[in-house]
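Trainee: Listed below are the residues making up each chain.
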Amino acid sequence: MTLGMINAHPVVHAKKERVARSEDLHSDDALDALDVFDILPPVASSICFLLDLSTELLEFDSVRDIKDPEHPYSLEQLSVLSEESIAVDEKLGRIKITFTPTVKHCSMATVIGLCLRVKLIQSFPPHFKVDINVSPGSLADEEAVNKLLNDKERVCAALENPSLRQLVDECLYSNELYSL
Amino acid sequence: MELLDGELELREIQKLEGHTDRVWSLAWNPTGTGVAGMLASCSGDKTVRIWQKGPSGSWDCSAVLEDTHTRTVRSCAWSPSGKLLATASFDGTTAIWERVGGEFECVATLEGHENEVKSVSWNASGSLLATCARDKTVWIWEAQPGNEFECVSVLQGHTQDVKMVQWHPFLDVLVSVGYDNSVKVWTEDGDDDWHCVQTLGEAGSGHTSTVWALSFNSAGDRMVTCSDDLTLKIWDTSQNPSETSGDGSGSWSHLCTLSGYHDRTIFSVHWSRDGLIASGAADDAIRLFTESKDRMVDQPSYKMLVKREKAHDMDVNSVQWNLKEPKLLASASDDGTIKIWELSEVSKVDNFVQSHHLLIGFCQPQVVNSIGLCTLAPLFMSSSRDVKESELLDSKVPIEVFDT
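So the protein sequences, as listed, match chains A and B.
The opening residue of the first sequence carries number 1 in the UniProt record's numbering; numbering runs sequentially from there.
The opening residue of the second sequence carries number 1 in the UniProt record's numbering; numbering runs sequentially from there.
If we strip away everything but chain A, and leave its shape as in the complex, we get (with noise of 0.2 Å):
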């Protein structure tokens, strides 16, 4: 009925983190959230993430996607999530979710942010409006990548980037087959 106040606990596998794909990147002082819709990202064996949200709201399905650690098809990740939350209004259909990326690699975060869109999005109905935040303090240009995940318009305009949809597909369904 009222804000519920959750708190995730990820599961989160990290791997080795490819020195390459940085690169591919941005170097860390020229970056800029904005250019990372600009990226087309390699195929997807490159990152993936592990969130396991679960919810103390009965109503809603749980936002809840566990992979197998264990899967042989598992991705390679290059971020971690230490910490989510989560605050859900059902009354008023809102939803707001702050997140703190462990790699303070801007481009990273806006990706996981597309990606917590995306599966939120899915989860809840049309009607209920989502506003994604990094935590304060957990990124440089944390004010950049804000205003970028929160602009309907770059998110559509970004979902429209076959490259960028299908790292998103792939981040969210990692548990498709995926041969190396």
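Each hint should be verified, as a subset may be incorrect.
Listed next, the in silico DSS-like pairs over lysine-lysine satisfying Cα-Cα at most 30 Å (straight line) [claimed, not checked]:
1. K147(A) to K310(B)
2. K293(B) to K152(A)
3. K307(B) to K96(A)
4. K324(B) to K15(B)
5. K152(A) to K136(B)
6. K136(B) to K147(A)
7. K307(B) to K129(A)
8. K147(A) to K307(B)
9. K129(A) to K15(B)
Hints were generated in silico from the structure; no laboratory data involved.
Once you have looked at the hints, place chain B on chain A.
Mentor: Just chain B now, with coordinates in the frame of chain A:
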């Protein structure tokens, strides 16, 4: 305009369905056909739909412009003659469609932007077209014979994604707004030399987040902008635009800020011929504002006239006043629908009857309006809405009956 006395409301006339994805933008044909004209809508489903009022009085989709854009169509604009429709798309192109009778044919494709085109606008004479994109530029195109368009200038200056461009109602002055929170005014120095003569929002009275849209009043001496910062701002130019030396440049100043109305991003704003400002936002609401005639205040000020909450089930992306019938408003939403609204007085009778719910046992009514005088039986009936005869006979409608 004579403001209607009494309480006003936006009455839903019709809901237009057909698009299979969110509807981003609307444009009323300035000339159109018939009494109220023609409406174009563009959508994430990659199509543009044309809607017209049919003989039955209801709005129907008369054409679907498809198989041209390969991504979301974000914005559309009619030329002043009403014969051409420009459509801007995330596929990076702007298509020009020519209307021949009821059919539309794509006669030109403008390429050049590096990425998603967000907005397109024709100048007052139809000789120039402006487009803007996420590539931070504004392009000015000149219309040439044979539906040829030549890019005459690429305007740099915005530091981020440009969300909308709009020409002044009668001067060749262009205004652009965007993700960098700014409002820029562009004019030409003669011979295709366009430059930014003013940037609004740098001094502290500007918007503090993305500016999504702008609209001029019909006199061209005021404009309203709306933003992700949840405010609407009204800007005023002291220069009389009709002076020969006046070119609308450099003299825009902040007049007032309307805040505390919408609680989510305001995506669209449109100033009607009659002076009403309509706004549509991500809180699913439409609000109307007008200049306040309060004589106590020195400064011109604006107040909210009407609010329509839950105008749609999802975000309202566009609101557009009909150019010929100033009380008719169209709105477009993420829910994939378009609604036609009429600004009207709240009927006093409606207020009265809503508290009465009785069923009549018998009657053979002939007259069925809100205050129905039954011509065959001496009964006075009232109902909260127009009632069909068949419904009365079914006794499904709550109606109050009085013996006269």
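Trainee: Decide, hint by hint, whether the structure agrees.
Mentor: A quick look at each hint next to the structure:
1. K147(A) to K310(B): holds, 25 Å
2. K293(B) to K152(A): violated, 37 Å
3. K307(B) to K96(A): Distance of about 26 Å is within 30 Å: holds.
4. K324(B) to K15(B): This hinted pair holds, its Cα atoms lying about 20 Å apart.
5. K152(A) to K136(B): holds, 18 Å
6. K136(B) to K147(A): It holds: about 16 Å lies between the C-alpha atoms, which stays within 30 Å.
7. K307(B) to K129(A): Distance of about 20 Å is within 30 Å: holds.
8. K147(A) to K307(B): With Cα atoms ~28 Å apart, K147(A) and K307(B) stay inside 30 Å; holds.
9. K129(A) to K15(B): holds, 22 Å
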